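A.B. asks: Put together the whole structure using the sequences plus the hints.
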Amino acid sequence: MNPIHVIGAGLAGCEAANQLARHNIPVILHEMRPVKSDAAHKTDYFAELVCSNSLRAGNIENAVGLLKEEMRRMGSLIMEQADKHQVPAGGALAVDRDGFAAGVTEAVKANPLITVVHEEVTDLSTLEGTVIVASGPLTSDALSTNIRTMLKEEYFHFFDAAAPIVAADSLDYDKVYRASRYNKGGADYLNCPFYTKEEYLAFWEALCNAESAPVKDFEHDVFEACMPIEEMAARGEDTMRFGPLKPVGLVDPRNGKEAYAVVQLRQDNAAASLYNIVGFQTHLKWPEQRRVFGMIPGLEKAEFVRFGVMHKNTYLNSPQLLDNHFQLRSDKRFYFAGQMTGVEGYVESAASGLMAGLAAAREALGLPVLDFPAETAHGALANYISNPAIENFQPMNVNFGLIPPLTVRIRKKKEKNAQIAARALDALEKFMLDMEPNLG
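Note that the numbering used here has the sequence shown beginning at 1, numbered continuously upward.
Hints in this document: simulated from the structure, not taken from any laboratory.
Among the hints, erroneous ones may be present.
In silico DSS-like pairs for lysine-lysine, Cα to Cα no more than 30 Å straight-line [stated by the list, open to error]:
id : residue 1 : residue 2
1  : Lys-184   : Lys-413
2  : Lys-246   : Lys-414
3  : Lys-301   : Lys-246
4  : Lys-175   : Lys-109
5  : Lys-257   : Lys-301
6  : Lys-184   : Lys-197
7  : Lys-246   : Lys-184
8  : Lys-416   : Lys-430
9  : Lys-42    : Lys-285
10 : Lys-430   : Lys-84
11 : Lys-36    : Lys-285
12 : Lys-332   : Lys-109
13 : Lys-197   : Lys-84
14 : Lys-413   : Lys-257
15 : Lys-257   : Lys-184
16 : Lys-285   : Lys-175
17 : Lys-152   : Lys-36
18 : Lys-42    : Lys-84
These numbers come from a predicted model, not from an experiment.
C.D. replies: Dropping the structure here:
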């Protein structure tokens, strides 16, 4: 059997390669690092997490939690390694980023059906047979130009920002306290409280007036779901207090008080020696980050092991280009997967790779490609990125609003979401039974 080419060893590319190999299809996985790197990646690992180390909510009453559970049931490599390298994060699934990426890398390289080629692909026409393009939001300029020429469609682009990481032993624990919101999941977060309005406003004013790093080569366009903290601050003095600095449910166990605003730190590695500043994606200049973020209670002498950075993300006008199997409508030889398709988030990117890999596997085996049920989180994502009726297409996280509603009205949100999730998992079970006679 001819191998299928997968371009990019990120979350989507590794998941696509895994799905193909699970069904005995040889894969050539093209990854340009370390031959050529980019501004965001720091290691040579596959599936490196360049922003947060959180895969977000873990319970199935949340849409991304449901998506993760669906992936587990379909043999997801990304979920297998995420569960293996989990670190405490309350009700969320967060991972030791290096352990996770190393685990994915080892599993991919150890698979006898996957051949890894370290090279930059610059021209898709040079590859024979089926190709899954999962080169990510940081697709190289040469490949971006090639894809744009091939599709005769202009890319869109937006900015994505990575939050700073601080050393745990550099924090002031006389000011920082440990707690999760509403005591949910355990006291897994470190909390930095602004107890008075005055100290919060001083921080807000400093943030609003801080100097940002220059943005070069592409216009400024902020994607709402990953907004830099300084952009959020510029929208009003209380905007952060209703976002990442929301104090509700974060009572200080030492004094029983609820602060005016709270900055949360989330564990970033298994050793609990590193913490990232939750929601503080930024493109401030590094000295400005040290100065302004040093005003956060408990971070006055913090050691920043990574400052926040800003990088360019590109994505396709997928509703006009792709079907619900992530296959290019104009040339069935090509599939696309990952964040470049307009799915937003680590888990969603991996899920798109799973779907593209599975569809390509069935096609390679001469089997009919099956549509994921609309009731599932996977089906909802696939339908969103392939709906040609969508105007002004924008990246989207998975959410229950994309899934068809229940036929009965349920007032309590958690109960309603639980029933939507149960229906989704039932539909997935039937979907997998439909595949099993031919595609284990």
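A.B. asks: Each of the hints needs a verdict: does it hold here or not?
C.D. replies: To see whether the hints hold, each was checked on the structure:
With a C-alpha separation of about 17 Å, the suggested pair Lys-184 and Lys-413 falls inside the 30 Å cut-off, and the hint holds. Straight-line distance between C-alpha atoms of Lys-246 and Lys-414 comes to about 21 Å, which keeps the hinted pair within the 30 Å bound. The straight-line distance between the Cα atoms of Lys-301 and Lys-246 is roughly 23 Å, inside the 30 Å bound, and the hint therefore holds. Taking the CA atoms of Lys-175 and Lys-109, the gap is near 45 Å; set against the 30 Å cutoff, the hint is violated.
Restraint check for Lys-257 and Lys-301: the C-alpha separation of about 24 Å stays at or below 30 Å, so the hint holds. Proximity of Lys-184 to Lys-197 is assessed by CA-CA distance (about 26 Å); at most 30 Å being required, the pair is judged to hold. The suggested pairing of Lys-246 with Lys-184 holds, with an alpha-carbon distance near 15 Å, which does not exceed 30 Å. Simply put, Lys-416 and Lys-430 have alpha-carbon atoms about 22 Å apart, close enough for the 30 Å limit, and the pair holds.
Distance restraint check for Lys-42 and Lys-285: the Cα-Cα separation of roughly 19 Å lies within the 30 Å cut-off, and the hinted pair is therefore satisfied. For the suggested pair Lys-430 and Lys-84, the alpha carbons sit about 28 Å apart, so the restraint of at most 30 Å is met. Distance hint between Lys-36 and Lys-285 is fulfilled; the C-alpha atoms sit about 25 Å from each other, no more than 30 Å. Proposed proximity of Lys-332 and Lys-109 is supported: the alpha carbons are some 28 Å apart, at most 30 Å.
The hinted pair formed by Lys-197 and Lys-84 fails the criterion: a straight-line CA distance of about 42 Å is larger than 30 Å. For the hint linking Lys-413 to Lys-257, the alpha-carbon distance of about 29 Å falls within 30 Å, and the restraint holds. Taking the CA atoms of Lys-257 and Lys-184, the gap is about 18 Å. The hint holds against a cut of 30 Å. Only pairs whose Cα atoms come within 30 Å are accepted, and Lys-285 paired with Lys-175 is accepted, the gap being roughly 26 Å.
Taking the CA atoms of Lys-152 and Lys-36, the gap is near 27 Å; set against the 30 Å cutoff, the hint holds. Taking the CA atoms of Lys-42 and Lys-84, the gap is about 22 Å. The hint holds against a cut of 30 Å.
Of the hints listed earlier, those the structure fails to meet are numbers 4 and 13, in rising order.
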